[in-house]
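A.B. asks: Following the hints, put chain B in place on chain A, whose structure we already have.
Read off the chains here:
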Amino acid sequence: MDRKLRVAVHKFSSCDGCQLAFLNAGEKLVELFELADVVHFAEAGIVDPDAPAELAFIEGSISTHEEQERIRRIRENTRFLVPIGACATSGCLQALRNQADAARWFADVYSDPSKIDHLDTATPIAANVPVDLELWGCPVNTRQVMATVSSLLLGAPPRDDNEKICMECKRKNIVCVMVTQGQHCMGPVTRTGCGVLCPGIGRDCYGCYGPAENINGDAWGRWFEQKGMPAERIARRFRYINSEAEAFREAGKHWRDRTGPKPANDASDPSDLSPSSGPSGHLLPKGEGNKARSSTANSSNEKS
Amino acid sequence: MNERREIKINVPVLARVEGEGALDLHIRDGRIEHLKFSIGEPPRLFEKFLEGRDAFEVPDMVARICGICPVAYQMSAVQALESLFGWRSTPWIEAMRRAMYCGEWIQSHSLHIHLLAAPDFFGYSSAPEMARDYPDEVRRGLRLQSLGNELIRLFGARSVHPVGARLGGFHSAPPKDRVIRLLDRLRAALPDAENLVAWTASVDVPQDQQDFVSVALRHPSEYPLYSGRIVSDTGLDIPVDRYEDHFREHQEAHSTALYSLLDGRSYLVGPLARLNLNWDRLPEPVRSTLAKTGIPFPSRNMFHSMLARAVEIHFAIVEAIRLLENYEPDIPFVSGECRARSGFGCTEAPRGLLWHRYDVGESGKILKARIVPPTSQNQARIAEDLHRSIEAFGLDRADDELRLHGEKVIRNYDPCISCATHFLKLKVIRE
Numbered sequence: 001m002d003r004k005l006r007v008a009v010h011k012f013s014s015c016d017g018c019q020l021a022f023l024n025a026g027e028k029l030v031e032l033f034e035l036a037d038v039v040h041f042a043e044a045g046i047v048d049p050d051a052p053a054e055l056a057f058i059e060g061s062i063s064t065h066e067e068q069e070r071i072r073r074i075r076e077n078t079r080f081l082v083p084i085g086a087c088a089t090s091g092c093l094q095a096l097r098n099q100a101d102a103a104r105w106f107a108d109v110y111s112d113p114s115k116i117d118h119l120d121t122a123t124p125i126a127a128n129v130p131v132d133l134e135l136w137g138c139p140v141n142t143r144q145v146m147a148t149v150s151s152l153l154l155g156a157p158p159r160d161d162n163e164k165i166c167m168e169c170k171r172k173n174i175v176c177v178m179v180t181q182g183q184h185c186m187g188p189v190t191r192t193g194c195g196v197l198c199p200g201i202g203r204d205c206y207g208c209y210g211p212a213e214n215i216n217g218d219a220w221g222r223w224f225e226q227k228g229m230p231a232e233r234i235a236r237r238f239r240y241i242n243s244e245a246e247a248f249r250e251a252g253k254h255w256r257d258r259t260g261p262k263p264a265n266d267a268s269d270p271s272d273l274s275p276s277s278g279p280s281g282h283l284l285p286k287g288e289g290n291k292a293r294s295s296t297a298n299s300s301n302e303k304s
Numbered sequence: 001m002n003e004r005r006e007i008k009i010n011v012p013v014l015a016r017v018e019g020e021g022a023l024d025l026h027i028r029d030g031r032i033e034h035l036k037f038s039i040g041e042p043p044r045l046f047e048k049f050l051e052g053r054d055a056f057e058v059p060d061m062v063a064r065i066c067g068i069c070p071v072a073y074q075m076s077a078v079q080a081l082e083s084l085f086g087w088r089s090t091p092w093i094e095a096m097r098r099a100m101y102c103g104e105w106i107q108s109h110s111l112h113i114h115l116l117a118a119p120d121f122f123g124y125s126s127a128p129e130m131a132r133d134y135p136d137e138v139r140r141g142l143r144l145q146s147l148g149n150e151l152i153r154l155f156g157a158r159s160v161h162p163v164g165a166r167l168g169g170f171h172s173a174p175p176k177d178r179v180i181r182l183l184d185r186l187r188a189a190l191p192d193a194e195n196l197v198a199w200t201a202s203v204d205v206p207q208d209q210q211d212f213v214s215v216a217l218r219h220p221s222e223y224p225l226y227s228g229r230i231v232s233d234t235g236l237d238i239p240v241d242r243y244e245d246h247f248r249e250h251q252e253a254h255s256t257a258l259y260s261l262l263d264g265r266s267y268l269v270g271p272l273a274r275l276n277l278n279w280d281r282l283p284e285p286v287r288s289t290l291a292k293t294g295i296p297f298p299s300r301n302m303f304h305s306m307l308a309r310a311v312e313i314h315f316a317i318v319e320a321i322r323l324l325e326n327y328e329p330d331i332p333f334v335s336g337e338c339r340a341r342s343g344f345g346c347t348e349a350p351r352g353l354l355w356h357r358y359d360v361g362e363s364g365k366i367l368k369a370r371i372v373p374p375t376s377q378n379q380a381r382i383a384e385d386l387h388r389s390i391e392a393f394g395l396d397r398a399d400d401e402l403r404l405h406g407e408k409v410i411r412n413y414d415p416c417i418s419c420a421t422h423f424l425k426l427k428v429i430r431e
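These protein sequence lines map, in sequence, to chains A and B. All residue numbers for the first sequence refer to the UniProt record's numbering, where the first residue is 1 and numbers rise by one. All residue numbers for the second sequence refer to the UniProt record's numbering, where the first residue is 1 and numbers rise by one.
In isolation and in its complexed conformation, chain B is listed as follows:
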């Protein structure tokens, strides 16, 4: 046998990710000669057909960018657009938006851990297959996922593309009896969430330490979800309307999604980045459950993303209980006059920072929209990680092992490929 082997691994359709992605790996003489993580999802041109629409139409439209995190799109959009109306949202509206958003974190994170990521660490190709040997764990995951969906439905009537949120607040306030019933379910789910944190911490993940930049929102007192400043562990600390000063996107031929860089460097957004930057903002019961795992944060191991998701499910349940305790229905929305300007919105989608900018004309019509989803931001980091991790894993492994490891690395980011397919051409004018 020739020692100098040439390996070509091609994964045309990545399983267990949202949307269509692919991996191309070419190894020659013990070196990665060529590695391509591509987002092949066809463009859907969201920013273009938002143009000419009324600001009030935007929340229902941007929800359609992603079936798994529609609330995130609605929340970043209403934030950006409301800043143009000179409205003052009420504390009730802000609290209920956070509660609805908690539902999406619970749903999306549970779906990712159990249906998409966990089978990788237990050697199964799918969750239903894993359910035969781990029925309790998979059932617990499905229970949490459905609890998250129920919390979104409380405010949005349905959990995919919810219809309850609007510019100014909500179409209606949920009835008190439904909130009380859901509160009972949330409280009853706390042991599930605590056990999930312990379980994800016990999963045997690769000990792969890396150097990367974490980027997330940071709020003076809360674990970041709906608002805050954009910070990094390299000293970035900016308000959301200064995003474009530091983050730049570029197109690469093999991908329909943009690559985003922070001051010329790749960076990480998402649960691990959030937890790395904000573990000190976790409320008490969540912090001590995490402490019991013995895994210290900040963490440099990308495979701790699954644990970070579990921690955030626990957080989201605790937070939703806090927000909904003593619930009384209130005036569901505020209104006002639109002013022509640019509005900025940024929230923490389950998969990371989601930034929107809208330029709006006098009539309240959208002139221009720019939406930067988390996966575009993580794309450069994923490619870098693949390179490193596959080399660290050992290039002399069998093709199938290499392919699986590559897929595992990608799925670990929970790339939301459907979301990552629309972007604006970047024009840089230097004088």
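Only chain A is shown next, with the shape it has when bound in the complex:
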């Protein structure tokens, strides 16, 4: 190749944890800079936000007007756009505001919320612009991001690995924490990719990689219910790290709706019972590039 692949790493509302997939890569980071032209990566010291790139990794969710504008500009300047991590693929924790009374949350937090540029929602990148591939996980790891770069360098389409955690757990011969200890594991509905870290240390998966392909969230909630878990806790199980992923959002809503009247001092929001503030699903573009997202959209059709 006579010209190097131009790679950009952009940051939106996030904890910076997914950029560490690069910054924690050690020697591989130096290698990346040799193989590719890194045209924008502010945390690593390269600032040129409007530089055209073949491949742009996007960390973070869209939660301000400025971010809405910026992601559109980046889309125009990018050939292959890849949201990385839970914030970029499902809004992550900050998207919990989408199902609550966001205006009230802001009023509670800021003495003058009007001074702060904010949207009432925190939405995934695909809800704002078409994307080409999504790398799920909170956080994504070095293997995921480097595999994407390598694929594109070799001209091969990157693989979207969306099977369930359970499959990988079985292959690794990890004793099932659900069967043997009755733990409330999210493995059967969660996408693989983390390396089955939680069952590997004897704890339940809490779903930080988001929904796997074709899951049945309601049925999995019923299993929790049979194990004596209250509906409200089941709802929280889905409304966690990836609450705006469609399959988890629908399951969370289903179980939330099954909770009884809430005590007056319950801190969570009453509007939760009737979310109407337009979560990201309504904003989804039907863009051609929006392939990865449509796989999760399909999964919600599978619900019982």
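If you are wondering where the hints come from, they were derived from the structure by calculation, not from laboratory data. Given the structure is predicted, the values throughout are model-derived calculations rather than measurements. One or more of the hints may lead you astray.
List time: in silico SDA-like cross-link candidates among lysine to any residue, alpha-carbon distance up to 25 Å [as the list claims (entries may be wrong)]:
| no. | chain 1 | residue 1 | chain 2 | residue 2 |
| --- | --- | --- | --- | --- |
| 1 | B | K408 | B | I32 |
| 2 | B | K36 | B | V11 |
| 3 | B | K365 | A | R236 |
| 4 | A | K4 | B | S125 |
| 5 | B | K365 | A | W223 |
| 6 | B | K8 | A | D117 |
| 7 | B | K36 | A | H65 |
| 8 | B | K365 | B | R339 |
| 9 | B | K365 | A | H254 |
| 10 | B | K176 | A | I174 |
| 11 | B | K368 | B | Y243 |
| 12 | B | K368 | A | L119 |
| 13 | A | K28 | A | G155 |
| 14 | A | K28 | A | P52 |
| 15 | A | K172 | B | I180 |
| 16 | A | K227 | B | S335 |
| 17 | A | K172 | A | G195 |
| 18 | A | K28 | B | E137 |
| 19 | B | K36 | A | D48 |
| 20 | B | K292 | B | E137 |
| 21 | B | K408 | B | G394 |
| 22 | A | K28 | B | S126 |
| 23 | B | K365 | A | Y110 |
| 24 | A | K28 | B | R139 |
| 25 | A | K28 | B | D136 |
| 26 | B | K368 | A | P230 |
| 27 | B | K368 | B | P239 |
C.D. replies: What follows is chain B alone, placed relative to chain A:
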């Protein structure tokens, strides 16, 4: 040419900091007319969505505040919440928490020195660029960073948002053979750490003496990390649950993060503040390596922060070896019944004091959370320092030099801007 020049410097995106920050500098007639260090990171409202959650969900949630220092958030949170359960943590659990925390100091400090700060002092715009001329130094830094990550992984399975820590202790005890292997790596890294201290001491940094208040934890016998009282070099000495009596936050229009003041004054938290207040608590090999540099502590030069980070990497390796020597797996966690109350937790994140308060109801649900990250606490100090340092540097310098110097001052604090974006409205009621 007109001598009265007007300069407007605008740095919309600060490079090599975590999160999104910006600097606005307006000089007129040889005076700084207007200087604004702003934290523009969008609010993520952590304290709000923690409300209504079960106490057991908190450690995995607060980790997501910051990708570089998730362990710090987990440790301040478990400390605060466990005080509500009437648990007595075991010495094994406390020791292993300290060891895991050492991993985060090693990782975060190495990342900051090599990838974020050092290029400033050598005239490079990024670490990969610097690596072409200083390959050994940058490689040494990446080695130490990966050692820190490995130590976090020993307990947490992954180093960003680790999954091993829980309320009451750990989900499981690391197997002995892995600890033995890591101990070998820690011992082998000691020369790297000693050389790093010498190297950071030899870097030509501005000799900029300032007056500031240092605030850190202080422990009766240990260099502060996981516990202690909150002290300052102006006589403050309080238990962590009295924090709100002395520290107050306020909002300023240009920043999404709060400004924190100690009894009405700006103050410094972080490695330099810790070392200034606790150099006498350094274990022997670390103290003598520091003494060899000839740089005396306490120091009034903010640019000694990088040296302080190197000293703390050395300390964290020595400390982790001490804690893991003679390691045997033990019961990983304790349990008990939650009581409704307010719980307080405070630990030393790599970037400084990290204070949490949780009000918990009868059912173990979070009613209210308050989290004060280090960068909110340093924000007023950074603004003050920028003003002074840029004036001391010389306002008649070229725009580019002024901009770079301003950025250098900011990066020196290692502001964790992602963390600094959530705070609670402060209501003061006076009767």
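A.B. asks: Hints first: check each against the structure and report whether it holds.
C.D. replies: Do the hints match the structure? See the list:
Of the supplied pair hints, the one linking B/K408 and B/I32 holds, its CA atoms being roughly 18 Å apart against a limit of 25 Å. Under the criterion of a C-alpha separation no larger than 25 Å, the hint pairing B/K36 with B/V11 is consistent with the structure, at around 10 Å. Between B/K365 and A/R236 the CA atoms are separated by roughly 12 Å; this keeps the pair inside 25 Å, and the hint holds. A C-alpha spacing of about 20 Å is found between A/K4 and B/S125, which places the hinted pair at or below 25 Å, so the restraint holds.
Between B/K365 and A/W223 the alpha-carbon distance is near 24 Å, which keeps this suggested pair within the 25 Å criterion. Using a Cα cut-off of 25 Å, the hinted pair B/K8 and A/D117 holds, with the two alpha carbons roughly 24 Å apart. Restraint check for B/K36 and A/H65: the C-alpha separation of about 22 Å stays at or below 25 Å, so the hint holds. Pair hint B/K365 plus B/R339 holds up; C-alpha atoms about 10 Å apart against a cutoff of 25 Å.
For the suggested pair B/K365 and A/H254, the alpha carbons sit about 22 Å apart, so the restraint of at most 25 Å is met. At roughly 19 Å between alpha-carbon atoms, B/K176 and A/I174 fall within 25 Å of each other, so this suggested pair holds. Pair hint B/K368 plus B/Y243 holds up; C-alpha atoms about 17 Å apart against a cutoff of 25 Å. Only pairs whose Cα atoms come within 25 Å are accepted, and B/K368 paired with A/L119 is accepted, the gap being roughly 23 Å.
For the proposed pair A/K28 and A/G155, the alpha carbon gap of about 20 Å is at most 25 Å, so the pair holds. Proximity of A/K28 to A/P52 is assessed by CA-CA distance (about 24 Å); at most 25 Å being required, the pair is judged to hold. With a C-alpha separation of about 24 Å, the suggested pair A/K172 and B/I180 falls inside the 25 Å cut-off, and the hint holds. Between A/K227 and B/S335 the CA atoms are separated by roughly 21 Å; this keeps the pair inside 25 Å, and the hint holds.
Only pairs whose Cα atoms come within 25 Å are accepted, and A/K172 paired with A/G195 is accepted, the gap being roughly 9 Å. Pair hint A/K28 plus B/E137 holds up; C-alpha atoms about 16 Å apart against a cutoff of 25 Å. Of the supplied pair hints, the one linking B/K36 and A/D48 holds, its CA atoms being roughly 22 Å apart against a limit of 25 Å. The straight-line distance between the Cα atoms of B/K292 and B/E137 is roughly 20 Å, inside the 25 Å bound, and the hint therefore holds.
For the suggested pair B/K408 and B/G394, the alpha carbons sit about 15 Å apart, so the restraint of at most 25 Å is met. At roughly 16 Å between alpha-carbon atoms, A/K28 and B/S126 fall within 25 Å of each other, so this suggested pair holds. At roughly 23 Å between alpha-carbon atoms, B/K365 and A/Y110 fall within 25 Å of each other, so this suggested pair holds. The suggested pairing of A/K28 with B/R139 holds, with an alpha-carbon distance near 11 Å, which does not exceed 25 Å.
Distance hint between A/K28 and B/D136 is fulfilled; the C-alpha atoms sit about 15 Å from each other, no more than 25 Å. Between B/K368 and A/P230 the CA atoms are separated by roughly 22 Å; this keeps the pair inside 25 Å, and the hint holds. Distance restraint check for B/K368 and B/P239: the Cα-Cα separation of roughly 21 Å lies within the 25 Å cut-off, and the hinted pair is therefore satisfied.
The structure shown violates none of the earlier numbered hints.
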